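In case you want the letters, here they are:
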Amino acid sequence: MTITSEPASFLQVRRAQPRVSRSSVSSSAVKSRVYVAMLAFACVYVAIAGRLVMLAQMEEEPSRAWISAQDSVAASRPDLLDRNGEILATDIKTASLYAEPRKIIDVDEAVEGLIRIVPDLDRSLVRRRLESGAGFVWLKREMTPQQADRVHNLGLPGVGFLSENQRFYPGGPTAGHIVGSVNVDNQGLAGIEKYIDDAWLSDLRSLGFTADRTMEPVRLSVDLRVQHVVRDELAKAMERYRAIAAAGIVLDAKTGEVVAMSSLPDYDPNNRSQALEKDRLNRATGGVFEMGSVFKTFTTAMALDSGAVSINDSFDATRPIRAGGRTISDFHGKHRILSVPEIFIYSSNIGTAKMMLATGIARQQDFLKRLHLTDRLQTELPENAAPLLPQKWNELAAMTISFGHGISVTPMQTAVATAALVNGGTLLPPTFLPRSQEEVQSLGKQVISPETSRMMRYLFRLNVLSGSGRRADVPGYTVGGKTGTAEKIENGRYVSNKRRNSFLSAFPMDDPRYVVLVVLDEPKPEKEGIGATAGLNAAPVVGSIVRRSAPMLGVMPRFGKGDEPIEISY
Amino acid sequence: MVRTLNILFILAVVIGAATVYDMKLAATKSAEKVAELKRQIEEERDAIRHLKAEWSLLNQPDRLQSLVERYNDYLLLEPLDVKQIVTPEELPARPVMLEPIGGSQMGGYAGSPSVVQ
Numbered sequence: 001m002t003i004t005s006e007p008a009s010f011l012q013v014r015r016a017q018p019r020v021s022r023s024s025v026s027s028s029a030v031k032s033r034v035y036v037a038m039l040a041f042a043c044v045y046v047a048i049a050g051r052l053v054m055l056a057q058m059e060e061e062p063s064r065a066w067i068s069a070q071d072s073v074a075a076s077r078p079d080l081l082d083r084n085g086e087i088l089a090t091d092i093k094t095a096s097l098y099a100e101p102r103k104i105i106d107v108d109e110a111v112e113g114l115i116r117i118v119p120d121l122d123r124s125l126v127r128r129r130l131e132s133g134a135g136f137v138w139l140k141r142e143m144t145p146q147q148a149d150r151v152h153n154l155g156l157p158g159v160g161f162l163s164e165n166q167r168f169y170p171g172g173p174t175a176g177h178i179v180g181s182v183n184v185d186n187q188g189l190a191g192i193e194k195y196i197d198d199a200w201l202s203d204l205r206s207l208g209f210t211a212d213r214t215m216e217p218v219r220l221s222v223d224l225r226v227q228h229v230v231r232d233e234l235a236k237a238m239e240r241y242r243a244i245a246a247a248g249i250v251l252d253a254k255t256g257e258v259v260a261m262s263s264l265p266d267y268d269p270n271n272r273s274q275a276l277e278k279d280r281l282n283r284a285t286g287g288v289f290e291m292g293s294v295f296k297t298f299t300t301a302m303a304l305d306s307g308a309v310s311i312n313d314s315f316d317a318t319r320p321i322r323a324g325g326r327t328i329s330d331f332h333g334k335h336r337i338l339s340v341p342e343i344f345i346y347s348s349n350i351g352t353a354k355m356m357l358a359t360g361i362a363r364q365q366d367f368l369k370r371l372h373l374t375d376r377l378q379t380e381l382p383e384n385a386a387p388l389l390p391q392k393w394n395e396l397a398a399m400t401i402s403f404g405h406g407i408s409v410t411p412m413q414t415a416v417a418t419a420a421l422v423n424g425g426t427l428l429p430p431t432f433l434p435r436s437q438e439e440v441q442s443l444g445k446q447v448i449s450p451e452t453s454r455m456m457r458y459l460f461r462l463n464v465l466s467g468s469g470r471r472a473d474v475p476g477y478t479v480g481g482k483t484g485t486a487e488k489i490e491n492g493r494y495v496s497n498k499r500r501n502s503f504l505s506a507f508p509m510d511d512p513r514y515v516v517l518v519v520l521d522e523p524k525p526e527k528e529g530i531g532a533t534a535g536l537n538a539a540p541v542v543g544s545i546v547r548r549s550a551p552m553l554g555v556m557p558r559f560g561k562g563d564e565p566i567e568i569s570y
Numbered sequence: 571m572v573r574t575l576n577i578l579f580i581l582a583v584v585i586g587a588a589t590v591y592d593m594k595l596a597a598t599k600s601a602e603k604v605a606e607l608k609r610q611i612e613e614e615r616d617a618i619r620h621l622k623a624e625w626s627l628l629n630q631p632d633r634l635q636s637l638v639e640r641y642n643d644y645l646l647l648e649p650l651d652v653k654q655i656v657t658p659e660e661l662p663a664r665p666v667m668l669e670p671i672g673g674s675q676m677g678g679y680a681g682s683p684s685v686v687q
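Protein chains in written order, with the numbering used here: chain A, 1 to 570; chain V, 571 to 687.
Warning: the hint list may mix true and false statements.
[Said to hold, decoys possible] In silico DSSO-like cross-links for lysine-lysine, where the CA-CA straight-line distance does not exceed 30 Å: (1) A:93 / V:603; (2) A:254 / V:653; (3) A:103 / A:93.
[To be verified] From the structure, some residues in chain V lie toward chain A, with a derived Cβ separation under 7 Å: (4) 616; (5) 617; (6) 626; (7) 632; (8) 652.
[Stated by the list, open to error] With the Cβ distance kept under 8 Å, some of the chain V side facing chain A (calculated, not the full set): (9) 622; (10) 627; (11) 657.
It should be emphasised that the hints constitute simulated quantities derived from the structure, not laboratory data. Just so we're clear, the structure is a prediction, and the values are computed from it rather than from any experiment. Just so you know, even glycine gets a beta-carbon here, dropped at the ideal spot from N, CA and C.
Construct the complete structure from the given sequences, taking the supplied hints into account.
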């Protein structure tokens with residue numbers, strides 16, 4: 001029974017007449033219904049709270065392993081381009097197979113299916129991995145798209161794919177030593193790949209910014225076409241002269257950029273296992289050799305630059321020199337008095353030793369140090385060998401060093417020092433990255449006077465015109481150079497029938513733009529009866545390289561007056 | 571009066587809920603479409619990179635050299651000769667053929683076409 005009372009809220013309206021309400025339910029029943037409803041809601045909230053607690057306590061192992069795996073494999077690397085924009089190294093997305101063994105229901109079915117599609121998996125290893133209770137295991141990385149499709153069509157639970165960036169080198173072995181290679185996790189192992197890792201990429205990766213991000217490509221100073229020419233000519237020469245190894249460098253004499261660098265035998269960076277073989281090392285920067293007669297260019301430059309010897313001087317080369325119990329004599333000696341140019345083009349050991357003695361041993365040490373031939377030459381590549389110097393730099397050592405034995409340097413150091421001799425006297429450190437003109441100005445060091453450089457250019461050209469380098473000449477491109485036939489050392493003694501031949505050259509000689517150095521290891525005579533000196537095998541290789549690559553490098557041929565007229569037709 | 575207000579409010583709630591649900595659904599659909607487009611863009615970028623790598627592979631100097639060596643009986647290509655490289659300044663002007671004034675009825679030497687360089 002309700003009694004009319006004052007309205008408690010605005011929703012209750014005063015009635016004019018009190019209404020007799022007949023309640024069919026008692027108030028206690030209403031109260032209990034309310035309590036039942038409250039209990040129901042409380043149960044629901046307790047259930048939600050309990051589930052929250054359960055979720056908070058659950059471990060995140062499976063997803064954490066998956067996330068870290070995806071991060072590490074999706075790490076991308078920048079493309080490597082040559083100086084003209086040709087691709088030397090790039091990323092390709094491939095599928096990598098992983099498994100979550102906790103989710104695998106039937107291990108046997110999974111193993112059978114996988115072995116059928118990917119036969120080179122180790123059955124016991126796969127079984128062991130799938131039966132372990134781990135959250136995440138790799139099964140096979142970098143699969144082909146067809147294999148990935150077929151595994152996907154198997155429909156196995158707990159087996160999935162992550163897309164991985166695989167490094168691909170379209171050039172194959174062409175620029176193999178320069179570009180280097182990477183391991184399966186896309187970390188650089190050798191070459192420029194390792195250089196950019198050390199410079200900035202591994203820091204970026206550890207901060208987490210490389211996951212699946214396209215990066216600006218890195219441009220190198222290498223020209224792919226010239227690199228191919230050098231490698232092709234070295235391969236042909238190795239076959240023709242049955243040499244055991246070869247190395248070739250083309251260096252920009254004015255800026256110090258490396259345009260081509262090849263060392264045979266080399267490896268295909270797409271095939272990582274080959275990189276570990278010792279024979280396939282980079283001989284151009286990683287190997288030190290006694291360069292032989294090409295070193296006479298440095299001795300001659302030193303003698304002319306010091307002022308102790310002038311280009312019109314003559315030295316007596318009639319008799320061999322005796323020093324420290326050894327005899328220094330000439331190969332095919334002329335046995336007469338030779339002028340300085342004749343000493344150079346006839347490659348006289350006696351004359352060169354006498355020129356060195358006229359200059360002095362202290363000046364020789366200082367000069368070679370100035371040309372950076374006595375210290376390790378640092379390039380962007382990780383493999384840079386330190387030169388081997390004599391233990392005691394006495395008179396005998398200085399004399400043998402003057403014609404290239406007794407000191408071992410890398411071919412790259414020789415080429416860099418030669419560039420300094422022919423470009424007007426500026427020594428520039430070599431680089432595989434493009435170099436601007438301002439950097440050239442700031443990095444260049446004057447090591448000889450421009451007048452000495454002019455004389456060296458004259459001697460180089462004279463050697464090709466009437467000396468041992470005749471076979472390197474290419475009409476139209478004034479090539480100049482020096483041959484070097486160095487006997488190799490075996491068991492501490494010089495072996496007469498094993499040589500390391502090199503030809504050190506620059507072109508065009510009136511204003512040299514490029515330095516070309518070719519080293520052939522143990523070339524044999526091409527036919528029976530002819531010799532195997534450098535003029536017969538290394539010089540023609542340089543001639544071929546210059547003839548094929550000069551148009552690509554933009555060097556215009558120059559013919560003097562009185563040459564044949566140009567034939568044209570309209 | 572209260573009842574009508576109640577009914578109005580209930581209707582407003584229902585319409586408001588429906589509108590919010592609609593907007594949320596549209597936003598979800600848009601987000602899905604954006605994600606799908608982004609995925610397609612990534613796919614296209616990957617395809618472009620793949621094609622660039624393939625083009626570079628096909629354009630390698632040693633591959634072209636081996637092709638030329640293999641098919642040179644048909645291609646008849648020869649290595650570039652140094653004498654074939656000239657600058658435009660070295661080329662003489664093209665000869666001009668002039669017609670004699672008044673037609674070419676003249677005979678003898680005077681009637682032959684003249685060449686002026």
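Structure-based check of all given hints:
1. Pair hint residue 93 of chain A plus residue 603 of chain V holds up; C-alpha atoms about 24 Å apart against a cutoff of 30 Å.
2. For the hint linking residue 254 of chain A to residue 653 of chain V, the alpha-carbon distance of about 26 Å falls within 30 Å, and the restraint holds.
3. Of the pairs offered as hints, the one joining residue 103 of chain A and residue 93 of chain A holds, with about 26 Å between alpha carbons and a cut-off of 30 Å not exceeded.
4. Proximity of residue 616 of chain V to chain A holds as hinted, the smallest CB-CB distance being about 5 Å (cut-off 7 Å).
5. The interface hint given for residue 617 of chain V is violated, since its Cβ lies 10 Å from the closest Cβ of chain A, which is over the 7 Å cut-off.
6. The criterion of a C-beta within 7 Å of any C-beta in chain A is met by residue 626 of chain V, whose closest approach is roughly 4 Å, and the hint holds.
7. The interface hint given for residue 632 of chain V holds, since its Cβ lies 6 Å from the closest Cβ of chain A, which is under the 7 Å cut-off.
8. For residue 652 of chain V, the interface hint holds, since its Cβ comes within 7 Å of a Cβ in chain A; the closest pair sits about 4 Å apart.
9. At a threshold of 8 Å, the smallest CB-CB gap from residue 622 of chain V to chain A is about 6 Å, leaving the interface hint in force.
10. The closest approach between the C-beta of residue 627 of chain V and any C-beta of chain A is roughly 4 Å, which is under the 8 Å cut-off, so the hint is satisfied.
11. For residue 657 of chain V, the shortest C-beta to C-beta distance to chain A is roughly 7 Å, which falls under 8 Å, so the interface hint holds.
When each numbered hint is compared with the structure, a violation occurs for hint 5 only.
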